[in-house]
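Q: For this one, chain P is given, so just place chain S on it according to the hints.
Same order as they appear, the protein sequences are chains P and S. For what it's worth, this note's numbering labels the leading residue of the first sequence as 1, then goes sequentially. For what it's worth, this note's numbering labels the leading residue of the second sequence as 1, then goes sequentially.
The set of hints was computed from the structure by calculation and includes no laboratory data. Careful: at least some of the hints might be erroneous.
[Stated by the list, open to error] What the simulated footprint calls covered on chain P by chain S, stretch by stretch (three residues with Cβ under 8 Å from a Cβ of chain S suffice, anywhere in the stretch; the number is not a length):
hint	stretch
1	346 to 355
2	483 to 496
[Unchecked claim] Simulated coverage check for chain S against chain P, where a stretch passes if three residues somewhere in it have a Cβ under 8 Å from a Cβ of chain P:
hint	stretch
3	149 to 162
4	312 to 319
[Said to hold, decoys possible] Residues of chain P clear of chain S, computed beta-carbon distances all greater than 12 Å:
hint	residue
5	127
6	137
7	150
8	160
9	205
10	260
11	470
Every residue, glycine too, gets a C-beta built ideally from N, C-alpha and C.
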Amino acid sequence: MRDRLLILSVFVVASCGLAYELIAGALASYLLGDSVLQFSSIIGCYLFAMGVGSHLSQYVKDERVLDTFVEIELLVALLGGLSASALFAVFAWSGESFRLTLYALVFLTGAMVGMEIPLVMRLLHQREQRFAELVSRVLTFDYLGALAVSLLFPIVLAPRLGLARSALLFGLSNVAVALWTCRVFRAELLRPTVQYLRSLLVLLVLGGGFIAADELTRWNEKAVYGDDVIHAETTPYQRLVLTRWKGDLRLYINGNLQFSSRDEHRYHEALVHPVLGALPWARRVLILGGGDGLAAREVLKYPHVQQVTLVDLDPAMTGLFSRSAPLLALNGGSLRNPRLRVVNDDAARWLEQHADVFDAIIVDFPDPSSFALGKLYSVPLYRLLSRHLADNGLAVVQSTSPYHAPRSYWSINATLRAAGLATTPYHAYVPSFGEWGFIIAAHRPGYTPPQAYRVPLKFLDREATRQMFFFPPDMRPWPVEPNQLNDQRLVHYFEQDWSQVIR
Amino acid sequence: MQRRDFLRTAAALAGLPLLAGCQQVLGWGLPVEVLRPGMATGHRLRDAATLPPPRSERRVDTVIVGSGVAGLFAGWRLAREGYRDFVLLNGPEPDGNAAAGAFDGWRYPTGAHYLPLPSPESAHVRALLAEMGVIEAGSDSLRPTFDERVLVHAPDERLWRDGHWHDGLLPRGLGADDDAQQQRFLLHVKQLQQQHGADGRRVFTVPTALASQDPAWCALDRQSFASWLAAHGYTAPGLLWYLDYCCRDDYGSTLAHTSAWAGLHYFAARGGHAANAEDGAVLTWPDGLNPLLRHMRGRIGPDKQLDGAAWRIRQHGKQVQVDYIDATGAQRLIARRVIVATPLHVAWHLLPQLTGLGFQRAHLPPRTPWLVGNVLLDRFPVEPASQPLAWDNVVYGSRSLGYVVATHQLIRAALPERTVFTTYHAFADAVPAATRPWLAAASADALFEQATADLYAVYGPRLRRHMLAARLTVRAHAMASPQPGFLANPGLAALRAADGPILFAHADLSGLSLFEEAAWWGDVAAQRVLAA
Numbered sequence: 001m002r003d004r005l006l007i008l009s010v011f012v013v014a015s016c017g018l019a020y021e022l023i024a025g026a027l028a029s030y031l032l033g034d035s036v037l038q039f040s041s042i043i044g045c046y047l048f049a050m051g052v053g054s055h056l057s058q059y060v061k062d063e064r065v066l067d068t069f070v071e072i073e074l075l076v077a078l079l080g081g082l083s084a085s086a087l088f089a090v091f092a093w094s095g096e097s098f099r100l101t102l103y104a105l106v107f108l109t110g111a112m113v114g115m116e117i118p119l120v121m122r123l124l125h126q127r128e129q130r131f132a133e134l135v136s137r138v139l140t141f142d143y144l145g146a147l148a149v150s151l152l153f154p155i156v157l158a159p160r161l162g163l164a165r166s167a168l169l170f171g172l173s174n175v176a177v178a179l180w181t182c183r184v185f186r187a188e189l190l191r192p193t194v195q196y197l198r199s200l201l202v203l204l205v206l207g208g209g210f211i212a213a214d215e216l217t218r219w220n221e222k223a224v225y226g227d228d229v230i231h232a233e234t235t236p237y238q239r240l241v242l243t244r245w246k247g248d249l250r251l252y253i254n255g256n257l258q259f260s261s262r263d264e265h266r267y268h269e270a271l272v273h274p275v276l277g278a279l280p281w282a283r284r285v286l287i288l289g290g291g292d293g294l295a296a297r298e299v300l301k302y303p304h305v306q307q308v309t310l311v312d313l314d315p316a317m318t319g320l321f322s323r324s325a326p327l328l329a330l331n332g333g334s335l336r337n338p339r340l341r342v343v344n345d346d347a348a349r350w351l352e353q354h355a356d357v358f359d360a361i362i363v364d365f366p367d368p369s370s371f372a373l374g375k376l377y378s379v380p381l382y383r384l385l386s387r388h389l390a391d392n393g394l395a396v397v398q399s400t401s402p403y404h405a406p407r408s409y410w411s412i413n414a415t416l417r418a419a420g421l422a423t424t425p426y427h428a429y430v431p432s433f434g435e436w437g438f439i440i441a442a443h444r445p446g447y448t449p450p451q452a453y454r455v456p457l458k459f460l461d462r463e464a465t466r467q468m469f470f471f472p473p474d475m476r477p478w479p480v481e482p483n484q485l486n487d488q489r490l491v492h493y494f495e496q497d498w499s500q501v502i503r
Numbered sequence: 001m002q003r004r005d006f007l008r009t010a011a012a013l014a015g016l017p018l019l020a021g022c023q024q025v026l027g028w029g030l031p032v033e034v035l036r037p038g039m040a041t042g043h044r045l046r047d048a049a050t051l052p053p054p055r056s057e058r059r060v061d062t063v064i065v066g067s068g069v070a071g072l073f074a075g076w077r078l079a080r081e082g083y084r085d086f087v088l089l090n091g092p093e094p095d096g097n098a099a100a101g102a103f104d105g106w107r108y109p110t111g112a113h114y115l116p117l118p119s120p121e122s123a124h125v126r127a128l129l130a131e132m133g134v135i136e137a138g139s140d141s142l143r144p145t146f147d148e149r150v151l152v153h154a155p156d157e158r159l160w161r162d163g164h165w166h167d168g169l170l171p172r173g174l175g176a177d178d179d180a181q182q183q184r185f186l187l188h189v190k191q192l193q194q195q196h197g198a199d200g201r202r203v204f205t206v207p208t209a210l211a212s213q214d215p216a217w218c219a220l221d222r223q224s225f226a227s228w229l230a231a232h233g234y235t236a237p238g239l240l241w242y243l244d245y246c247c248r249d250d251y252g253s254t255l256a257h258t259s260a261w262a263g264l265h266y267f268a269a270r271g272g273h274a275a276n277a278e279d280g281a282v283l284t285w286p287d288g289l290n291p292l293l294r295h296m297r298g299r300i301g302p303d304k305q306l307d308g309a310a311w312r313i314r315q316h317g318k319q320v321q322v323d324y325i326d327a328t329g330a331q332r333l334i335a336r337r338v339i340v341a342t343p344l345h346v347a348w349h350l351l352p353q354l355t356g357l358g359f360q361r362a363h364l365p366p367r368t369p370w371l372v373g374n375v376l377l378d379r380f381p382v383e384p385a386s387q388p389l390a391w392d393n394v395v396y397g398s399r400s401l402g403y404v405v406a407t408h409q410l411i412r413a414a415l416p417e418r419t420v421f422t423t424y425h426a427f428a429d430a431v432p433a434a435t436r437p438w439l440a441a442a443s444a445d446a447l448f449e450q451a452t453a454d455l456y457a458v459y460g461p462r463l464r465r466h467m468l469a470a471r472l473t474v475r476a477h478a479m480a481s482p483q484p485g486f487l488a489n490p491g492l493a494a495l496r497a498a499d500g501p502i503l504f505a506h507a508d509l510s511g512l513s514l515f516e517e518a519a520w521w522g523d524v525a526a527q528r529v530l531a532a
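Excised from the complex, chain P in its bound form:
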């Protein structure tokens, strides 16, 4: 009976060993990418460490074999069980030491697991089992355990429990083996009570971890994003992360906040309505960027708008915002509206390659934070844009903050003018962004802001609109140069502006 128990423990021990290896590999591929490299290097490191462990097992004295086995079980339980949570935490809090921690953990776990089987074999051998039978039974259960986990892990455990909880579950199994060994072999252990107490302590830690695992993961992701992550996706173009905290839905692209559902209406109403409210005859509208469908939602409020063309590069982005229920609730299903056509293409290339003319153009490009993005705020692009703008149409450009980034904002204004457009700058307060700026551009001067809106709005009315077009003394125009592609002043302005804001 006792021998059978030992053999059973081999099954559990082998399962756990393989599980830690798989979890480390999955975690590394998930966080670092390049899964072939991650899996093979982790398996290699793990197998090598097992060899080291097997080698070290010879130094365990015969009389201490059972005690050592229990101790090793508890160590494996702790190391392996907490591995996923610990690695998550290291990645979230100090990204740099992640690889080092990963391979150190894999190596230590591997070495411990490598000691287990030789120790069990010695235990059985001490108990006068026939060697041939012993080897055959131990290895049979060893490999059976591996088979069980290799199927269970990807099909059931990883999808149902997640990596952190799966690891903790296997840790708990290791503790169970230790506890069981303490009970059954109490008489043969040198220090049974101590081992017993140790096992209970580890059980407590891992059990607590198992219950708190969700909290732990959330805490780690919060360290990265501040809120609960409800969707994360890496597309060929960008990393999209959607978070929610008490009903506040936020979208981050490459770690930069795109909107918060608390106040996005302010941003999008300010972006869309000064233009569309002044164009009661507008039929055709172009939106560049804005794959979240929020600007489109505002545009589609106007029944006279017959066709909206939305050009956004990333099909994953427009796909997400036309599928996910909370996002559909936010954008009112605008991307599924029959009056709207989604084009997944590079907006600048699309402008180059098409000739369609629009009554209103809404430009919601990312901020000019790099040389590549700075080109989207250039005279050639604005000239291209003006070729797509109807004779008496209006365009509006998201133009960074006239308060926090005055050089950038007024440089964009100067660039639009250099492209031969008449501009009308305005701004609105969006709590998550601060004071934000927009610029209306037209072929001819003479734009007047709407006095009233015929569509339901939350933020804008006559008075709020009037204020948007008023620049108080601390937001007066700056004498800056237009952005030219050969020096890209705007990118330097932008850097200069924000380096003074971010502490």
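A: Frame of chain P; chain S shown alone:
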């Protein structure tokens, strides 16, 4: 070789506007195409293969032989002036050193890739740019306004040194003395930009034909740039590396083999300004200078451009006979005037009467071989945020000339999904006669290794993972190098002055392989045709 074999090969080569290279796969799986434009046809011509009797004979007022910058510019000028009775023979190397290619729509240069802001003296180039819309306003002013899309976008240059990128190509921070010498040199050449000779002309101009003939300044041509630098106390290694790089980049020769006049000309002649860019800005397109040539071809019209390689040019009294070979066989053109717009080492074999014009074999300018590599990448390599990928990327201390990025001038909301890096290597260090047999016989792997040496130095082997294909263009006689004494070459002077039935147009006439020089001689030849 059998005549029929020869005919078939030569016809195939002459008839194909874009030469098919030989497609190979490198040891690690990258498909590589090696192009040796003009080689097979050129070597047959050199080996004096004879043509069968012509199948056709056509009379035309003027024939332009060759479709590089000089030939096309001559044709462009003729067409622009309303002169219609001419044809242009494309030759085995269409577009010459300003040729380009494309990987599935991703265009790249296989030769020259930029044009400095043209100075007022380069009115001929300005006229072309204005017609193209590249100069938007003020073509005749000191500072024209250029189309921003064509002015090289920031960041334009960076230098890889000690495992990091540095802004600009001058190696700064190599010590106080080096920095001071660099500063002194820049000031020195800035003064030379305004220097006038005794005849009242600027000493250094593009085109060189308009430069001062003052013997006191022409004497600079008698020494090498290296010895001039030493005599003027320019000894700092950083500065000397930079100047050597410039000479190899523009002339294909090292400091020791470059005429001091030419070395200073590089820095002092480029006096162009722009209303909307700083001095020293350059014009570039994804496929280098090729759009200029496409524009000129458009103006000339397809009906005047013949595919075919000239084989023999002979003057009979007041007529010139041009025998050439095309896909169907040998043909003959009989013209009143012929503009020979081929490199002079080709003209040497085309024209048995060249010596009669005062040009001897010894007058052929020395030519440097070049290797141009184009690598298609499925993504951009990771670059440091502080020094992002520039248009021109150079490795300090390297014997190659770095790489340019073909997609740099695209305006895109996101990084293009693919890009092409174009690498340049001038074989300035070895004797050309030793390099050419190697270039003709080298395996694709060896050429690839040479062409990508700088990419390897910067990105290491991991860049291979992103490579989808490569094309290597071997230009074994790429350009004339201005060695000491080149200004006084009497053979070149004779060809420059030729105004009979046979005219010459090529950058070789200046001894400097620059777009403006080639265009200048094309323009001069066209004006001579128009004047008669």
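Q: Should the label of residue 150 of chain P as a non-interface residue stand, given a Cβ cut-off of 12 Å to chain S?
A: The assertion about residue 150 of chain P holds, with a minimum of 29 Å to chain S.
Q: Against chain S, does residue 160 of chain P keep a CB gap of more than 12 Å to every residue?
A: holds, 35 Å
Q: Residue 260 of chain P clear of chain S by more than 12 Å, beta carbon to beta carbon?
A: holds, 23 Å
Q: Run the C-beta distances from residue 137 of chain P to all of chain S and say if the shortest one exceeds 12 Å.
A: At roughly 47 Å from the nearest Cβ of chain S, residue 137 of chain P sits farther out than 12 Å, so the non-interface label holds.
Q: The stretch 483 to 496 of chain P covered by chain S? Criterion: 3 or more residues, Cβ-Cβ distance below 8 Å.
A: Per the Cβ count (6), the hint holds.
Q: Looking at residue 205 of chain P again, its CB stays over 12 Å from all of chain S?
A: holds, 40 Å
Q: Could you check that no beta carbon of chain S comes within 12 Å of the beta carbon of residue 127 of chain P?
A: holds, 54 Å
Q: For the stretch 312 to 319 of chain S, do at least 3 residues have a Cβ located nearer than 8 Å to some Cβ of chain P?
A: violated (count 0)
Q: At least three residues with a C-beta closer than 8 Å to a C-beta of chain S: is that true for the stretch 346 to 355 of chain P?
A: holds (count 5)
Q: Confirm or reject: residue 470 of chain P is not an interface residue toward chain S, with every Cβ-Cβ distance exceeding 12 Å.
A: holds, 32 Å
Q: Do at least three Cβ atoms from the stretch 149 to 162 of chain S come closer than 8 Å to Cβ atoms of chain P?
A: Answer holds; 7 residues pass the 8 Å Cβ test.
Of the numbered hints listed earlier, the single one contradicted by the structure is hint 4.
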